[in-house]
Amino acid sequence: MAVFSFREALNQAMTEEMERDDRVFLMGEEVAEYDGAYKVSQGMLKRFGPRRVIDTPISEEGFAGIGIGAAMVGLRPIVEFMTFSFSLVAIDQIVNNAANMRYMSGGQFAVPIVFRGSSGMAGSLGATHSHRLESWYAQVPGLQVVMPATPADAKGLLKTAIRSDDPVVFIEHEVLYHDRGEVPDGEHLVPFGKADVKRLGKDVTLITYSRALKYTLAAAEELAADGIDAEVIDLRSIRPLDIDTLVESVAKTHRAVIVEEDWPYCGLGAGISDRITQRVFDELDAPIRRVASLDAPIPYNRQLEASMLPTPPRIIEAVRDVMYL
Amino acid sequence: MPIEVKMPKLSPTMETGVITQWMVKVGDQIKEGDVLADIETDKATMQMKSFEDGVIAHIDHEEGAEVALGQRVLVLAKKGEDPKEVAANLQKADGAEATNAKAGKNAAQAADAGAGTKAAGAVAVEDEDGQVAKPKAAGTGGRLKSTPLARKIAAEARLDLSRVAGSGPGGRIIRKDVEDYLAGAPSTGAEAPSGLIRRISTEPIAPRRIPHSRMRKTIAQRMVQSKQTAPEIHVTMDVRVDKLMAIREGLNKELATEKVKLSVGDFVTKAVATALRRHPGLNATFEPDAIVQHGEINIGIAVSLEEGLIVPVLQRADELGLIDIRRESEALANAARSGNLTGEQLSGGTFTISNMGMYGVRQFDAIINLPEVAILAVAAAEKRPVVEGDQLVVGTVMTLTLSADHRAVDGAAAADFMRTLKNLLEEPARMLL
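Residue numbers (our numbering), protein chains in the order written: chain A, 1 to 325; chain B, 1001 to 1433.
The following block holds chain A by itself, in its conformation from the complex (with noise of 0.2 Å):
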């Protein structure tokens, strides 16, 4: 297996499907003359041209809807929005058009369409470009929402939206597209709704996702150290969520811990922590945990941001709680 950028494993995903599929097209502010605010789309203008590569005005309703409009006749858009934050302004689009199309069509229209970009708090973004929305999208049936973690997850993930039928909201982390990874050959297609296992363990469940699972993983390396065996589950797949590899987690380990970098209240822990405790309540000895980031705009200074974030110290002070220690 070769070593990839997570930026240049999203660019493969893009360009093989792209070789694959005439009707993929890519089309957002920046991404084909600046190849990408983020270099995600580095050289695809030159390789497929301005039929294929559209740099698009800055209006998000605007181009979320062009593309809806495209899926439905046939094509098969893949939208880049600069970052989540400014998909606010084409929800509109996303939840009532895209989200209910085949629905209030009585199954005559299809929305084979990808919402991608990035998100999270990246780093003195501020209050309004720091957004985390993982879970208004995971609220809507109709939406798929993904949030790979890794190189490997998010080129084999956004094969599988780009193939999909139906909208994926495709949300990636902006500090992760540094990260290198591992990213097998040839064909690679990760499927929808398949949590994974990232590390074994018997004493806890940590859950999580995104840019969350490092934290994740280096708080299970640190409870190690102290004897706290966690077992770590990267969901990838948000909406379907794989809740029955969570449930065995849980009926083994007897608790859990959800990690993730959206606001606490009607977060997706909310939702992660009910279905769990719908399916194995009996198997619980603790109250499950959630890490979340705090319930306040999301502060410029970078201290202030740091403090927001679900860090080690965190996660491994909510192991300790449910573990009574």
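There is no bait here: all hints are sound.
Cβ-Cβ distance ranges computed for the label pairs, FRET-style: (1) A:I243 x B:G1170: 24 to 32 Å; (2) A:Q303 x B:K1383: 53 to 61 Å; (3) B:G1170 x A:K252: 21 to 29 Å; (4) A:I243 x B:A1155: 23 to 31 Å; (5) A:R302 x B:A1256: 43 to 51 Å; (6) A:Q303 x B:K1176: 35 to 43 Å; (7) A:D229 x B:R1216: 45 to 53 Å; (8) B:E1287 x A:G227: 56 to 64 Å; (9) B:R1277 x A:A225: 47 to 55 Å; (10) B:N1423 x A:D229: 38 to 46 Å; (11) A:A306 x B:L1255: 41 to 49 Å; (12) A:G227 x B:Q1221: 54 to 62 Å; (13) A:D229 x B:D1082: 32 to 40 Å.
Since the hints were made in silico from the structure, they are not lab data. All C-beta atoms in this analysis are idealised placements derived from N, C-alpha and C, irrespective of residue type, glycine included.
Could you slot chain B onto chain A? The hints should help.
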């Protein structure tokens, strides 16, 4: 954050504790394990120890005060916190609490609505979960707190959770507490044997008439028959089980991955089966014209049920290792509790064991399960003073009592069997010979 130290659950039934003596004062440096105060519970006077390091910033109650379970008794300043500042903040907070109590209802509503709606600049009392305020521990007495898993394990073992002392926050009973209890961990020192007096209700009691079930009729008939026909002798012996407990602990560690947890009772079953091979006169049934010594050693294990008692049989117990004894005993007990015992599982017994160790019983006599000629009553393994040479030492001791039918078994034979049994249990390695 300073640490609020609350009245701990020092006896499984206490609802309040009286602070009889403070061992610390404001300003004292405390280490984990230091004694903070003597607390008189409903059972005994116990030491309240600190679980944290810190400096005493504030003490809430004078000596002699009666404090409810979970109520704060003192506040510790952690490393890096100024105890005086902590105490000053406490006073402020206590003053504010009175005013907050009025606003409590509104605050609760705000919390329901999802919080986060407060004007900027308001004093930040939200915690990281976006809750306006942590609810004060509501109603400390009364409801038994336990985790779902603890309840599940207790239900499977037919264990009344009120017997178990909770070690979790606020006395919550967690898995470990139930498992420790079921493993029959020898009771330690002052801790009263669990089996507790719950608060006695003064409600008038309605009389009830419970018609005899079939099981009840059988029990009544067979117990009377046994007492009327079998002239019983009782032979009691104290057995030192320190070595056995150590072996059990070691084996259980190794077996943890296989989810096998050997009980003290399993060792007794093994030892009885081994001893019976040497004493065929006790592995027998008394019949009108003969004493029949059996070729198989099939040990009945008394299982108590809500509606009575049943004795499923561990077939050919002498051929089983400890793991199989554990697994099969568990399977039999589960089948008994779910009413799924087969005829085969209920017949063929040649000797019976009745174990009340889990109730903390010190010694008891069992009634012979006719036509068998003997039954062994197993009491709790507990720490007791033991004379070793000329020294008084602490040892783990279990009292066993054999009831034997004197028509078939004479006193010397009963005592001889008990001597063998004691021998095997005190030096479990002899079971390998």
